[in-house]
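> Sequence:
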Amino acid sequence: MKHWIASLLLAGVLLSCLPLSALAEEPAPAPEAPAAETAEAAETASEPAEDDSLLYVALGDSIAAGVGLADVVYQAAAIGLDMSPNFQGYSPDCYVSVVAEGLGLDRAHAINLGLPALMTKDMVDLLRTGAMPEMNVPAGTWYTYPEYQDYVRNADIISIEIGCNDAMVPFVVSLGEATNWKSERLANSIVSGALRDLTLENLALFWDTLQDLTLTSEETGALLQALSTGMVQKCNAGYASFSEYLPQVIDAVRELNPDAEILVVGYYNPYPWFYPWNSLFIRMNNFARQLCKDTGATFVPVPLTLTANDAHPTIWGHRYIGNQILRALGA
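If you count by mature numbering (1 follows the signal peptide of the UniProt record, and there is no 0), then the sequence shown holds residues -24 to -1, 1 to 307, one letter each, in order.
None of these hints come from the bench; they were simulated from the model. In this text, a Cβ means the ideal position worked out from N, Cα and C, and glycines have one as well. Do not take every clue at face value.
[Unchecked claim] Each pair of labels, with its calculated beta carbon distance range: (1) 201 <-> 52: 32 to 38 Å; (2) 105 <-> 271: 20 to 26 Å; (3) 46 <-> 247: 19 to 25 Å; (4) 58 <-> 190: 32 to 38 Å; (5) 105 <-> 180: 23 to 29 Å; (6) 227 <-> 280: 27 to 33 Å; (7) 58 <-> 189: 31 to 37 Å; (8) 234 <-> 269: 15 to 21 Å; (9) 123 <-> 282: 31 to 37 Å; (10) 279 <-> 306: 17 to 23 Å; (11) 189 <-> 52: 24 to 30 Å; (12) 104 <-> 176: 45 to 51 Å; (13) 53 <-> 249: 33 to 39 Å.
Please build the complete structure, drawing on both the sequences and the hints.
Rendered as structure tokens:
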């Protein structure tokens, strides 16, 4: 019985990694190399490009930010993370870098506005005011970037990757609540990247942590509910939120920049064996595709994205997404 519960918990915790991987207790240090590139990015991260060159801006969450790659640049903030160093100091392996290379752009003209754990409504607020009006408590985020609007205003090409966290964040919270947050240590060991690569050593570490987890019968019942009917409820609620706010994202971008070419990056499902998530991502892709047709945006399908065990794209996954964007641009 315990092994069966452990297997279900493992599945749930792995699902939780998608939105929150960059929110481990201790942020990873910024990479030391290349030093010149990092210094240059830090000096100009808050300054939108001011010349006449093509400007590409990538809006998104942790996927766009490149969470899971070795050299994402960020620092601790009073609440959550400050991602501004990553706006231009992003990993050379993330899809924003792939697009920049394909378009012949330097980092002053290819801006990565990926913000971990961002939900669709949060993106609407950032586009409208440059700030989230209050902390998103379930996600543990409160982003305020006035330059967010400036980058969008000046962009020639804007890609939008958003929506997964509308279901994932509430689902993660439901797992914590079900176990009275006993699962937090286990989740932290995974979201910190400990299980991104599937090795015997990492599996042993996971199992040792799992063995220390002792749930009461009441907590076990609550966990099973969260992983069954609760999962369905969170997926349905997440879709309702996503389908309400994604059109507002497009409208807000158009208000800031009527002339930019807009691309909406589609959704991949790293857990196809979970029916509620499989159904959710199918619905999200269908909705986004139709929305693009209705608004004149371009839908970019990415169903074959390769992911690591934390559900974020691998280097090859990022290359694939970047190439799909370039293909949609005709580049």
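> Of the numbered hints stated earlier in the document, which are not met by this structure?
When the structure is compared with the hints, only number 5 turns out to be violated.
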